[in-house]
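Given only the sequences and the hints, what does the whole structure look like? Please build it.
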Amino acid sequence: MASERVLGYARAINEALAEEMRRDERVWMMGQDIGKMGGVFGLTKGLQEEFGASRVRDTAINETFIVGGAAGAALGGTIPVVELQFADFVLTAADEVFHKLAKWRYMHGQFEMPVVVRLPSGVVGGAGAEHSQSLETLGMHIAGLKVAVPATPADAKGLLKSAIRDPNPVLFFEHKGLYRAKGPVPEDPELVVPFGVANVARQGRGMTVVATGLMVGRALEAADRLSEDGIDLEVVDPRTLVPLDIDTIVASVEKTHRLLIVHEAPRTAGFGAEIAQQVQERAFFALDAPVWRVAGTDTPLPQDPELEQMCIPSVDDIVEAARALAAV
Amino acid sequence: MNSADLIELYRTVVTIRFAELRIREHVEAEGFGGFWHPGIGQEGVQAGAVAAMRSDDYLYYAHRGLGYAIAKGMDMAVLFGDLLGRSTGSTGGKGGGTVHFADQSRGVLGQGGTLGSNFVMGAGTATASQLLGDGRVTVVFFGDGAAGRGTWHEAALQASVWKLPVVWVCENNGWALSARFTDQSPTPNIADRAPAYGMPGVIVDGQDPIAVHDATSEAIGRARSGEGPTLIEAKTLRIRGHYEGDRQPYREDKVADDEIPNDPVHRLGEQVDDDTRRQIDAEAREKVAAAFDEALAAPRADPSVIFEAVWA
Ligand SMILES: Cc1ncc(C[n+]2csc(CCOP(=O)(O)OP(=O)(O)O)c2C)c(N)n1
Ligand SMILES: [Mg+2]
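From first to last, the protein sequence lines are chains Z and S. First residue of the first sequence: 1, per UniProt numbering; consecutive thereafter. First residue of the second sequence: 1, per UniProt numbering; consecutive thereafter.
If you're looking for bench data, these hints aren't it; they were derived computationally from the structure. Take the hints with a grain of salt, since some may be wrong.
[Said to hold, decoys possible] Selected chain Z positions facing chain S (in silico; Cβ < 8 Å):
1) Ala53
2) Ser54
3) Gly77
4) Gln85
5) Trp104
6) Phe111
7) Pro167
8) Asn168
9) Asn199
10) Leu307
11) Gln309
[Stated by the list, open to error] Quick list of the computed label-pair ranges, beta carbon to beta carbon:
12) Z:Thr299 with S:Ser87: 48 to 54 Å
13) S:Glu218 with Z:Asp24: 58 to 64 Å
14) Z:Ser54 with S:Glu218: 56 to 62 Å
15) Z:Glu49 with S:Thr114: 35 to 41 Å
16) Z:Ala269 with S:Phe307: 39 to 45 Å
17) S:Leu296 with Z:Ala94: 50 to 56 Å
18) S:Phe307 with Z:Val6: 42 to 48 Å
The model shown is predicted, which means the values in this text are computed figures rather than measured ones. Even for Gly, the Cβ is constructed at its ideal location relative to N, Cα and C.
Set out below in C-alpha cells:
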C-alpha cells in the first residue's frame, strides 16, 4: 500500500521530523535559526508553525549548549533532535558530542541517550575549510555514537526516523550537496530504514564500489559510463557507518573479487581504510587485486568552488580508478 | 528552618564528614585506582544546598567528595562501591575514584569528567522539565575553576533567556588545583558575573549550612515558579590538596591538621542539644563504617563490564 512519490532530500528530512514529532510528544528540536527562519538550508520550514516555539526552539550561537543541552534533556526524559548549522561544528561541540553523548551511559552505568544531531555535511560550493568537511569517520573512532550517511531522499527520511526512535545518540550526516536531489519516497509514516543494513545501489559482477552520501550518485554515474566498456560495477552504500554492514560488503567482494572505496573525506585514516582492513581480514583470498581508495585530498578544503571540487572524487576520478583497478 | 529539619541537616553534614574521614583512612592505608578529591570542610555547601531540593529534583554534582549524593539520599554502600570499583557500585564496577555515580530514581544524573560539562547538561535537563512541565528543578554544582569554562557562558545565557528551572551553585573554595581564585578572576566574586546574564547573583557563607539552604531554597522557588535561574556562590575553603596526597607545593597558606575555619559540623552542631548530637554522631559513624565494610566486602567487577552499557 506504500505508494511512492518523488520528493526532494530536504523535503524528506522535513517530513520525517514532522511525522516523528506528531508521533511522540517527547520529540523536540533546537538549533540556530531553525524556528522562524526554518533553518539556513530550509530543512525545518513550517515546523515551528505546526509544533510551536517551545518544541522547535531557536538557540543562541552556542553549539556546546545545543549538543550538551540535548544530552541533558535526554536524561530529563525527552528526545531532542538538534541541528548544527554545519557538520564541521561537531568540533565546536566536540566534548559534548564525543564525551557527553557517547559516554554518559557508559560512565554512569545507566541512562539512555536518545539524541539525534543533524549535521549538514560535505562540499556544497565555496563554503570553505570550516563549513564543508566530511567528518563522519570521527564518529566511528569514538565508541558510543551511531553514524548515518544517507545518500537518497528515501534513506534520509527512513534513517532519520530510525535515528529518532533509537535510544542511542546518532550523528546524522546530511549531505548539503544532496538537499535538492529528488527520488522516490514511500508515504507510509511507519516505514523506517534500519541501521546497519547496506543498500546495494547497483548490481554488478566486475568490481565492488563502496560509497556514501554524494559519492553514491557519482559512483553510479561512473558505473553507467564503464558499462559501455564492459566493466560492471556493483555499488554498495553502507548507509550507516556505525553500525557497519560489513557482511554485505564482504559478500559483494566475494562475488566481484575487487574493491574500490570512494569517499569525500580525506584519504588518510578515512572510513575507507577501516573497510579495506576489515575486508582483507575476512576475505583476503577472494581479492584478485589490492583494495583501492578514491578519496578527498589530505588538505584543508579551499574556499574557491572550482578548487574545492578538485579536492573530492569526481565521476572522472572514479571511472579512471575503476578502469585501472580492473586491469590489475 | 524548624528544629527537625535542622537536626536532619546536621545528620547529613556529620555523615558526610565521617565518610570523608573514612575514605581518607582508606586512601592513606592502601589507596585505590583513582584520585580522591576530598571535600572535607565543604560539607555545609553540599548538604545545605541539596537539603533545599525536592527528592525528584535533578542533581549534577561536582568532583569534590561524595557529599552531594549522600545528601540526595544515595545509598552509601553503593557510593563507596563506585569509589572502590566494586560491582555493587551504581556504575556496576566501572568506578574507581570519585568521578562517576548516578541514581536515576533520586535524580542524581551524574557528572562530566571534563569540567564545565555540567553547565550545558544541566541547562538541557531543565529544558526537558520546562517542556514536560514536570515541575522539577535542576541544581548544578561547580567549582570556582570550572566557572572559567566557555560552557558556562553558553549555558547561563540560554538558561536565562529561556527562564529555565535551573540553579547554579558554585563552591568557591579559593583554589582550582594550583590556581588561586584571585589570580584567575578579575572580580572578587563569581556572583559578580550574574548580572551579565540577567539573573540574581547571591553570595552566601558556605560554612553556614542553614544560610546555604535558605539561599538555595529561594533560588529553587524562583526556578520552579518560572522566574529562571539564580547563581549562588558559596564561599568556602579547600582544606586539603586538590587530591589526597597532593602536597600543595604551590600553596603558602596550607591548612594545618584539618583546622577548618568556621567548621560547618561544629557550627551546626552547636544548635543541636548535646544528647541528640552525640546520638547522631554515633549513628552516623556506625552507618559510614558499616557501609564502607559492605563495599569493601563486595566483589570487584567482572571484566565483562568493559563491554556493557556502551549501547542501550
Ligand atoms: C575541562 C577540564 N579541564 C581541566 C581538568 C582538570 N581538573 C580537574 S579538577 C581541576 C580544578 C578544578 O577547580 P575547581 O573547579 O575550583 O574545583 P575544586 O577542585 O576546587 O573543587 C582541574 C584543573 C578537567 N577535569 N576538565
Ligand atoms: Mg575550587
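Hint check:
1. For Ala53 (chain Z), the interface hint is violated, the least distance from its beta-carbon to any beta-carbon of chain S being 10 Å, above 8 Å.
2. For Ser54 (chain Z), the shortest C-beta to C-beta distance to chain S is roughly 6 Å, which falls under 8 Å, so the interface hint holds.
3. With a cut of 8 Å, the hint placing Gly77 (chain Z) at the interface with chain S holds, because the nearest CB-to-CB distance is about 6 Å.
4. Because the beta carbon of Gln85 (chain Z) sits about 15 Å from the nearest beta carbon in chain S, more than 8 Å, this interface hint is broken.
5. A hinted interface residue such as Trp104 (chain Z) counts as satisfied when its beta carbon comes closer than 8 Å to some beta carbon of chain S; here the least separation is about 7 Å, so the hint holds.
6. The criterion of a C-beta within 8 Å of any C-beta in chain S is met by Phe111 (chain Z), whose closest approach is roughly 7 Å, and the hint holds.
7. The beta carbon of Pro167 (chain Z) comes within 4 Å of a beta carbon in chain S, closer than 8 Å, and the hint placing it at the interface holds.
8. A distance limit of 8 Å between C-beta atoms decides the matter here; for Asn168 (chain Z) the minimum to chain S is near 5 Å, and the interface restraint holds.
9. About 23 Å separates the beta-carbon of Asn199 (chain Z) from the nearest beta-carbon of chain S, more than 8 Å, and the hint is not met.
10. A distance limit of 8 Å between C-beta atoms decides the matter here; for Leu307 (chain Z) the minimum to chain S is near 33 Å, and the interface restraint is violated.
11. For the restraint placing Gln309 (chain Z) at the interface with chain S, the shortest Cβ-Cβ distance is roughly 35 Å, beyond the 8 Å limit, so the hint is violated.
12. For Thr299 (chain Z) and Ser87 (chain S), the Cβ-Cβ distance of about 49 Å falls inside the hinted range of 48 to 54 Å, so the restraint holds.
13. For the pair Glu218 (chain S) and Asp24 (chain Z), the supplied restraint of 58 to 64 Å is violated, since their beta-carbon distance comes to about 36 Å.
14. In this structure, Ser54 (chain Z) and Glu218 (chain S) break the distance hint of 56 to 62 Å, their C-beta atoms being roughly 26 Å apart.
15. A C-beta distance of roughly 38 Å is found between Glu49 (chain Z) and Thr114 (chain S), which places it inside the suggested range of 35 to 41 Å.
16. Look at Ala269 (chain Z) against Phe307 (chain S): about 24 Å separates their beta carbons, and that is not inside 39 to 45 Å.
17. Checked against the hint of 50 to 56 Å, the C-beta distance between Leu296 (chain S) and Ala94 (chain Z) comes to roughly 38 Å, which is inconsistent with it.
18. One distance hint, 42 to 48 Å for the beta-carbon pair Phe307 (chain S) and Val6 (chain Z), holds here, with the actual separation near 44 Å.
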